[in-house]
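Model the full assembly from the supplied sequences, consistent with the hints where possible.
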Amino acid sequence: MKSISRTLTWGLAGSVILLSIIITLLTYLTLNNTYKTFFNTRLNSEIESLVSTLEIQQQKIVLDEDKLNLYYSHIYSGHYFIISTHNQRVQSRSLWDFSSIPQPQLAAGKRLRREITGPDDQQLILLSQGFSQKGLQFTITVAEDVSVLTHHFQVVTLSLVAGLITVLIVLILLQQWLLKKSLKPLVSLATSIQSLKNGELTTLSTSQTPKELIPLVETINQLLENTAALLSRSRNATGDLGHSLKTPLAVIQQLAQTELNDHPVKSQLLKQTNTIRALTEQTLTKARLAGNILPGALFDPQNDLMDLIHSLDTIYQHKQTRIDWQPHQWPNRLHINREDALELLGNLLDNACKWSKSTVLLNISTQENTFTITIDDDGPGIDDDQLHMIIKRGKRLDEQVEGHGLGLNIVENIIKYYKGTINFKGHHPSLGGLSVSINLPQSPTTYS
Amino acid sequence: MKFTTAAVKLSLCFTCLCLAISVHSDENLSPEQAQDLQKRGIILPFNQLLAIARQQHPGKLLDAELEYDDGFYEYEFKILDEQGIIWEIELNAQTGEITEVEEDD
Numbered sequence: 001m002k003s004i005s006r007t008l009t010w011g012l013a014g015s016v017i018l019l020s021i022i023i024t025l026l027t028y029l030t031l032n033n034t035y036k037t038f039f040n041t042r043l044n045s046e047i048e049s050l051v052s053t054l055e056i057q058q059q060k061i062v063l064d065e066d067k068l069n070l071y072y073s074h075i076y077s078g079h080y081f082i083i084s085t086h087n088q089r090v091q092s093r094s095l096w097d098f099s100s101i102p103q104p105q106l107a108a109g110k111r112l113r114r115e116i117t118g119p120d121d122q123q124l125i126l127l128s129q130g131f132s133q134k135g136l137q138f139t140i141t142v143a144e145d146v147s148v149l150t151h152h153f154q155v156v157t158l159s160l161v162a163g164l165i166t167v168l169i170v171l172i173l174l175q176q177w178l179l180k181k182s183l184k185p186l187v188s189l190a191t192s193i194q195s196l197k198n199g200e201l202t203t204l205s206t207s208q209t210p211k212e213l214i215p216l217v218e219t220i221n222q223l224l225e226n227t228a229a230l231l232s233r234s235r236n237a238t239g240d241l242g243h244s245l246k247t248p249l250a251v252i253q254q255l256a257q258t259e260l261n262d263h264p265v266k267s268q269l270l271k272q273t274n275t276i277r278a279l280t281e282q283t284l285t286k287a288r289l290a291g292n293i294l295p296g297a298l299f300d301p302q303n304d305l306m307d308l309i310h311s312l313d314t315i316y317q318h319k320q321t322r323i324d325w326q327p328h329q330w331p332n333r334l335h336i337n338r339e340d341a342l343e344l345l346g347n348l349l350d351n352a353c354k355w356s357k358s359t360v361l362l363n364i365s366t367q368e369n370t371f372t373i374t375i376d377d378d379g380p381g382i383d384d385d386q387l388h389m390i391i392k393r394g395k396r397l398d399e400q401v402e403g404h405g406l407g408l409n410i411v412e413n414i415i416k417y418y419k420g421t422i423n424f425k426g427h428h429p430s431l432g433g434l435s436v437s438i439n440l441p442q443s444p445t446t447y448s
Numbered sequence: 001m002k003f004t005t006a007a008v009k010l011s012l013c014f015t016c017l018c019l020a021i022s023v024h025s026d027e028n029l030s031p032e033q034a035q036d037l038q039k040r041g042i043i044l045p046f047n048q049l050l051a052i053a054r055q056q057h058p059g060k061l062l063d064a065e066l067e068y069d070d071g072f073y074e075y076e077f078k079i080l081d082e083q084g085i086i087w088e089i090e091l092n093a094q095t096g097e098i099t100e101v102e103e104d105d
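Those protein sequence lines, which keep their order, are chains G and R. My numbering puts the first residue of the first sequence at 1, with every later residue one more than the last. My numbering puts the first residue of the second sequence at 1, with every later residue one more than the last.
Read the hints as simulated data drawn from the structure, not as lab findings. Beta carbons: idealized from backbone N, C-alpha and C, even for Gly. Zero decoy hints are in this set.
From chain R, some residues computed to sit far from chain G (all C-beta separations above 12 angstroms):
| hint | residue |
| --- | --- |
| 1 | Glu27 |
| 2 | Gly71 |
| 3 | Gln83 |
| 4 | Gly84 |
| 5 | Ile85 |
| 6 | Gln94 |
| 7 | Glu97 |
| 8 | Thr99 |
| 9 | Glu100 |
Calculated lysine to any residue pairs in the SDA-like style (CA-CA distance at most 25 angstroms, straight line):
| hint | chain 1 | residue 1 | chain 2 | residue 2 |
| --- | --- | --- | --- | --- |
| 10 | G | Lys319 | G | Val436 |
| 11 | R | Lys39 | G | Ser73 |
| 12 | R | Lys78 | G | Ser99 |
Rendered as structure tokens:
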């Protein structure tokens, strides 16, 4: 998945690392070059000074010892020279017994540069050059110990690398901190949208939002508002249509009953109008279903049931029916729309209160993937043959006949929508009345 | 007088001889001679002797000399130590034995 945070992290870190590597390499190469040039210049001037000191007498090289630099006379001083012809070799006293310095015979004008390990573990830089004077070919090699400088150069290089790595780490940490800080609003927006989905929020807050995101948040809020308005309008319209169809239908049926005594069309007409009535009823219940549409407030049994139970208590005050519920043991939120849950429980509780003598038991429990709502009463209950009828009717809604007083139509529709199941027991084991249990899936699946 | 002359002559000769011997005995050897002696196995390699001297006083080698003295080949090392003291260490170049250590003045 594409992530802004990851792209920025790698992009920024990568460019900083690349830049550091380039700076390190450039600095190293420049230092190295300077160091080599410095020694080349020095060795070159040493060779020139030796050439000016020597004389050729009878095809032999003669050096004036007094004119030589003093360090050529101290043993292992770190400054050495060798001058050689095809049959003569003159070397500085400083070399003493060290004989491993290679001495090439170079043609006049040729130069050769090398590095070797010299006496006393010295790091030597060698420069050899071929000359010709008075017909005599000779080669001069000068050498200088660079151990101290090489060591120093290594220390400087290491410090440079260490310093750059430190700067790199600090820069990357700083970048991470800045990234986290600037991406925070996006993360909190994602959290808000999750809360919106869970039904904990109905609109997104714009107070902490940076101005770049405000158009987005406002658009989402506008859409939510529009959806809610559209939903309510369409529900109302369907409801109104259903209700307004009821009266004309009743009139037609009434007329058919009274005016068409034994007309062959009468039964047909009644059957068709009954179908229209059933379909209207069905559409009405479906229109009352809110379903999984944002902003979808999730059902919070503790708070949302308070009013319902209070009003039921008032309605059935004369029977002294008490609804027994322990909401503190229930889950906080159930994955069912608040309106749908109230519709579902309102119907079932009203029914239970109607038939009960004194007690209605309401309980909600959660299992791994589902939650169960049970409603039991201490009324007369339903015998098995009648119970069979209820279940059958519940399963075949198109045969629904109005007026059985159980309000099971809407209940069935809601449970179907949420892909749940409903079970009836004719007699509750201890209370004796009807026992209804509803199983609904816990996780929000895609509802059809 | 004759005797005196002879004595003078003799003493002169003796002095000359002594001088000749002493000059020979305090002779500083050249790198070529040192290499030759080393090749012939008469003296130990310079490196080895330098290491022995440095065991006594570690430091930077300032200079060295190979001398022939009283029938022995002797190296004299000048070493500058960490404290800035310059040491003169004399070694028997044939055996590697330290014969003299002194602070240079």
